[in-house]
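Engineer: This is what each chain is made of:
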Amino acid sequence: MKRILSFIIIPLLFFKNSFALIEVDITRGNLDPLPIAVSPLHVDVKSENLNDVKIKKLGENISELIEKNFKSTGLFNPLKKEAFVQKPDIAHLKPRFEDWRLIKAQALVTGKVLVKGGKLKAEFRLWDLTAAQEMTALAFTTTPSNWRRVAHIISDKIYERLTGEEGYFDTRIIYVSETGPKNQRVKKLAIMDQDGANTKYLTLGNELVLTPRFNPTNQMVTYLSYFRNLPRVYLLDIETGNQEVVGNFPGMTFAPRFSPDGKKIIMSFAKDGNSDIYTMDLDTRIVERITDHSSIDTSPSYSPDGKYICFNSDRSGLQQIYVMRSDGSNLKRISFGKGIYGTPVWSPRGDLIAFTKVRKGKFYIGVMRADGTGERLLTENFYQEAPSWSPNGRVLVFYRETKSGPKGEGFTAKLWSIDITGYNERKMKTETDASDPSWSSLLSK
Amino acid sequence: MTKSIFYSIFFHIVVILLTALSLPFMARHPIDLPPIVSVDFIQISDKTNIPYAPKARKIIEDVKKEEKRVVSEQAPPAAKAKEKPDRIPLPNEKKEEKELVKKKQNPEEIKPQIRQSSEFEKKELVDTNQIAALIDKAKEEEAIKKDKSNKLTQSSVKNSFATGLSLSEEDALKAQIFGCWSVPLGLPFNENLLVRIKLELKKDGTILKSEILDHERMNRPGQKFYKILAESALRAVRLCQPLKVPPTGYEKWKNIQLNFDPTEMLQG
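Protein chains in written order, with my numbering: chain A, 1 to 445; chain B, 1 to 268.
These are calculated hints, taken from the structure and not from any lab test. Hints may contain errors.
Estimated spans, in silico, between C-beta atoms of each pair [unchecked claim]:
1. A/118 to B/192: 42 to 52 angstroms
2. B/192 to A/424: 43 to 53 angstroms
3. A/131 to B/166: 43 to 53 angstroms
Straight-line alpha carbon distances no greater than 20 angstroms define the calculated EDC-like cross-link-like pairs of lysine to aspartate or glutamate that follow [unchecked claim]:
4. B/227 to A/166
5. B/224 to B/211
6. A/271 to A/288
7. A/338 to A/288
8. B/254 to A/25
9. B/198 to A/23
If you want the footprint, here are the derived chain A segments under chain B, 3+ residues with CB under 8 angstroms [unchecked claim]:
10. 124-133
11. 136-144
All residues carry an ideal CB built from backbone N, CA and C; glycine is no exception.
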């Protein structure tokens with residue numbers, strides 16, 4: 001009897017069929033900006049007053065700047081402060097996560113500033129609200145007048161922690177400031193923070209200046225200026241204001257750019273209507289010829305590892321982009337589309353080359369892979385050119401001129417930025433009209 | 001006595017028979033879905049390319065001949081070559097393009113005279129072998145990528161048939177998580193960044209326990225990107241809860257594994 005029962009009951013016990021684990025592949029996500037709450041930084045009550053900086057407002061100002069930075073990326077959506085429930089000081093110690101989740105925030109930034117002994121001490125924390133834990137925290141000390149850089153550095157750290165790539169907020173942009181009517185433009189070298197603040201003019205505007213480029217340490221700038229009506233490449237030390245002509249070339253030199261190690265300048269040298277690419281070692285002053293061809297070779301730009309150079313040349317008839325080794329060997333044409341390609345610039349990440357393309361009277365800013373595949377045109381307009389990469393290789397800055405009337409009226413030139421996805425096109429704030437931008441690397445690195 | 005033993009044996013046999021017959025029906029088989037039939041959408045054009053039957057062909061040819069004859073009798077020769085006005089750029093257009101190029105003040109952009117390329121240059125252009133140095137790397141990357149995506153599709157096919165969720169149930173869950181997952185766009189697209197999360201769910205779809213399967217990798221040096229991706233995946237799952245799970249079959253989906261693969265998104 002027991003046997004019979006066991007025959008019936010035991011299979012019933014083991015009946016629960018064991019199912020294999022279900023696996024679901026998630027290959028897509030949303031591209032909506034991440035909702036983030038930036039709580040005003042709490043100003044410590046022990047803070048001393050300073051004449052030139054409003055201490056009470058400091059925390060608020062820093063948080064506003066962080067918000068502005070985030071908004072400009074198109075990747076974050078800073079939430080409105082009116083909805084915040086918790087006070088900044090308490091939030092910085094231990095946020096009530098459920099309160100912040102209520103306003104649909106996914107990340108929270110809190111912080112504290114203290115001004116003591118003429119020094120500004122700032123600290124911040126980034127919280128993951130869904131996991132209810134701290135993601136990163138940092139504190140640093142600087143002079144109080146540097147508070148804008150503090151905000152930019154905090155923005156960079158948070159950006160890096162959330163997106164996985166370096167930020168680009170603590171950077172500067174050098175450009176050519178333009179004033180006056182179109183036929184009598186005054187062009188000066190100008191430098192500003194990436195958000196348009198702290199503009200400074202580096203030249204007086206007596207001579208025409210073009211194509212300024214930073215060196216890797218952001219201390220030096222190489223640019224083109226006219227000397228006795230001949231365009232020449234110059235070198236300018238931003239700190240000291242010293243400037244000098246690069247090399248002793250008999251003809252005109254133009255389109256200068258630093259090598260990634262900052263030891264060389266690569267540029268074009270034109271003689272008798274033919275231009276080739278040359279480098280000059282800044283220490284030894286030795287000049288080396290890289291291309292030797294009867295065509296016009298110009299706009300050279302190094303790959304970030306310094307092993308390759310991209311440039312444009314008309315050796316195939318129309319102006320196209322070419323890549324070669326840094327010694328001039330192994331030359332290859334990489335652009336094969338219809339139209340004219342120019343101003344190639346290698347991305348700091350090394351994967352892409354940005355360019356200007358002209359086709360059927362329209363100007364395009366685009367990117368392609370270093371082997372010439374995957375060409376994508378990001379933006380199209382009546383006149384725009386000279387792309388320059390943000391230090392993380394995510395954003396391009398370029399300049400765009402608006403159409404002017406027959407007498408030159410209504411003419412403006414402005415700096416614009418665009419994400420390499422082709423989204424988030426934005427006009428940058430500049431004091432005057434601007435052209436030929438060049439983005440610095442991260443200052444705090 | 002013997003009578004009662006007889007009854008007992010009889011009823012036991014009946015009970016055993018009943019259970020033996022009914023038990024197989026109680027077993028829960030995985031839902032047997034009909035195999036997927038792939039359907040190709042074909043545009044039907046106005047003209048068919050099916051060959052005419054011989055008889056019909058003859059008739060049609062006859063009719064065509066007759067038509068031709070009629071045309072040649074009435075119409076003037078129609079052999080005039082068509083003009084292609086769109087091929088020749090309008091003078092205005094040309095002018096505009098020239099003006100635009102002139103406008104550039106940058107000497108980099110001085111428009112060079114168009115030269116004929118020499119034989120040597122042409123040779124260079126055609127010889128694509130030497131690009132290999134640059135392209136090879138890209139090719140390798142692509143191969144790895146392809147390999148990975150193949151693996152993924154295989155696993156998803158396996159899912160829908162062998163395990164519990166039906167295709168529509170799986171799609172509903174996927175669509176829900178797609179909406180919650182903010183992909184960190186700065187991640188490199190050519191690295192293996194697959195994050196596998198194992199979840200234990202309650203009946204209402206809320207999460208009882210979540211576990212990143214390759215958890216140690218998060219804290220390894222040089223795995224910054226993996227950590228950021230894993231965190232974003234965890235955020236997505238937590239944000240999404242309660243997950244959209246089927247109303248029945250709790251045992252089937254009580255434990256579920258989500259494979260977050262951003263490759264497709266990052267390649268853009």
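Engineer: What hint numbers does the structure not satisfy?
Structural biologist: Going through the list in order, the structure violates hints 2, 3, 7, 11 and respects the others.
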